[in-house]
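Trainee: Chain by chain, the residues:
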Amino acid sequence: MVGQASQPSAAAPKVEVRDLTIRYGQKVALHDVSLDIRENEIFGIIGPANSGKTSFVRALNRMDLFTPGMRVDGTIRFDGRDIDKWRNVYALRRRIGVVFPLPVGLPMTVYDNVALAPRLNGIRKRAVLDEIVERCLQRAALWDEVKDRLNSLGSLLSGGQQQRLTIARALSQDPDLLLLDEFSIAVDPVTTMRIEDVLKVLKDEITIVLVTNLVQQARRLANRTAFFLMGEMVEVADTEDLFTRKTSDERTQAYVEGRFG
Amino acid sequence: MFEASELNIRNHRVERLWGLLFLLMTVLLILPVVVILGVLVYKGGPIISVDFLFTEPKDGMTAGGIFPALVGTIWLVAVALLASVPVGIAAALYLSEYAPDNWLTRIINLAIINLAGVPSIVHALFGVGAFVLFFKFGTSILAASLTLAIMTLPVVIVATRESLQAVPQAFREACWNMGASRWQTIRKVVLPNSISGILTGVILEVSRTAGETAPIMFTGAAFFLPFLPQSVFDQTMAMSLHLFVISTQVPGVPEAMPYGVALVLIGMVLAMNAVSIGFRMYLRGKKKW
Chain A
1 MVGQASQPSA AAPKVEVRDL TIRYGQKVAL HDVSLDIREN EIFGIIGPAN
51 SGKTSFVRAL NRMDLFTPGM RVDGTIRFDG RDIDKWRNVY ALRRRIGVVF
101 PLPVGLPMTV YDNVALAPRL NGIRKRAVLD EIVERCLQRA ALWDEVKDRL
151 NSLGSLLSGG QQQRLTIARA LSQDPDLLLL DEFSIAVDPV TTMRIEDVLK
201 VLKDEITIVL VTNLVQQARR LANRTAFFLM GEMVEVADTE DLFTRKTSDE
251 RTQAYVEGRF G
Chain B
1 MFEASELNIR NHRVERLWGL LFLLMTVLLI LPVVVILGVL VYKGGPIISV
51 DFLFTEPKDG MTAGGIFPAL VGTIWLVAVA LLASVPVGIA AALYLSEYAP
101 DNWLTRIINL AIINLAGVPS IVHALFGVGA FVLFFKFGTS ILAASLTLAI
151 MTLPVVIVAT RESLQAVPQA FREACWNMGA SRWQTIRKVV LPNSISGILT
201 GVILEVSRTA GETAPIMFTG AAFFLPFLPQ SVFDQTMAMS LHLFVISTQV
251 PGVPEAMPYG VALVLIGMVL AMNAVSIGFR MYLRGKKKW
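Just so you know, the sequences run in chain order A and B. Residue numbers for the first sequence follow my numbering, so the first one is 1 and each next one is one higher. Residue numbers for the second sequence follow my numbering, so the first one is 1 and each next one is one higher.
So here's chain A without its partners, still in its complex pose (with noise of 0.2 Å):
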């Protein structure tokens, strides 16, 4: 988890994916994507919509336990082991912190949202736990807006806040692996940079995979892009290059040029 390879190694990678493939039902989300995340790295995902960049998270996170109809197939190994084979699926959950479009403030204080998931973990020290809210509050941009009110509802706070609080909720199981999905739809620009500059200094110490509407905060912020296209993996390339033409394919380049999507 402590990392100083702040250049991204090929040696052992914290995501291997191979031949997995997604179906709800009999629509087929995803078809047979194989790539690597790298630790340390910000892997960006981009695409247009209903293209698998969702189910692709959510299969990450074991979450097709408590989808139903959802199927996966393949093989993931997150630190080299099969995430199949994890007897205990909250353990490995806990590793990974997930972020989705719609802010989801749950109906207890701001403090308790963040405390939350330290305290399922069994930290009950009240100091312990005020600095591990404070520290992730103020790694979601939120602790200048909320930090006299910490008491409050955090479903009462206004959208942008409550999705910068899902963030903060995301970051306090303290994990390798944060998973972003189009966490900056309900942000306004200026949050959403603030965050950004965030997820830059966090790739030190974590993996992040980034699925992004933004073809440009890819760009910003992504050692590596993968392009999702209609349940299909177009292409995987350091970003520079999937932007570049270096390594393109033509779909690829039509994105991220908005010539369709």
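Wrong hints could be hidden among the right ones.
Ranges between beta-carbon positions, derived for each pair [unchecked claim]:
1) Ala274/B with Gly122/A: 38 to 46 Å
2) Gly159/A with Arg182/B: 27 to 35 Å
3) Asn102/B with Gln216/A: 44 to 52 Å
4) Ala111/B with Lys147/A: 50 to 58 Å
5) Gly38/B with Leu65/A: 54 to 62 Å
6) Asn50/A with Asp101/B: 20 to 28 Å
7) Gly285/B with Ser34/A: 49 to 57 Å
Below, a list of computed lysine-lysine pairs in the DSBU-like style, where the Cα atoms sit at most 30 Å apart [claimed, not checked]:
8) Lys85/A with Lys27/A
9) Lys246/A with Lys200/A
10) Lys188/B with Lys125/A
11) Lys147/A with Lys188/B
12) Lys43/B with Lys58/B
13) Lys147/A with Lys125/A
14) Lys147/A with Lys200/A
15) Lys188/B with Lys85/A
Partial list, computed: chain A residues near chain B (C-beta under 10 Å) [what the hints assert, rightly or not]:
16) Leu65
17) Thr67
18) Val89
19) Gly97
20) Phe100
21) Pro107
22) Met108
23) Arg169
Since the hints were made in silico from the structure, they are not lab data. All values reported here derive from a predicted model rather than from experimental measurement. Backbone N, C-alpha and C define an ideal beta-carbon position, used for all residues, glycine too.
Position chain B against the provided structure of chain A, taking the given hints into account.
Mentor: Structure of chain B alone, referenced to chain A:
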């Protein structure tokens, strides 16, 4: 330019006509309630007094009060609540939060629907067979209340499940994604946001059993007992059975008396409903999302 056309005017008239028709049907609904309450208050009201409520029947139930029946009904409802609420809530939690969508769950759901459709006299006979004879509780409050509890279990389960389903799925997923188990999620997020709705719904449903007669008449309610029950193993008088008895079984009862009993019984149920509805309104004002 903004003048109403022929068609506009006709539509408007038809619209008003339908609205009036629906209103009329709805008002018809109030009629029985008003008539029942009116007749009861008019005929039974004069007999209601502190003495009537708090003394026991005298002269072969043709005089005196209803105290043992009043206390007995409270016993029966309270014990029925104690029995059906934990079981009903647990079953609803299983069905709402744990149960996979498979044949077993479907059979359970079917069983609940059918249990709700069983006539109360059949429940009574089941109660005699199961609680009075098999478990050897004898005719007692315990046997009668358990019979009532089984009868109300389906509505308790359905009311609870509705409250649980009202908690958004996104809250559960957010919690699971932090590595919370199903039980932790229920305890931290689902129950705190539904328990008040569950309790009000359940109290509302169970209080209706106060008026049930058939399920208790063979299992624990007595024709006449001049003293109060001391434990759940005693028999007891009950308001509903008492009303049946003095209306049909005993000669020479003054006319006002059955009306008085009915008025007190309906008053008890309405009071419990009012408390439950008031509680619900108070909580709705405090809704957290």
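Trainee: Against the structure, test the hints numbered earlier, and report the numbers of the ones violated in rising order.
Mentor: none
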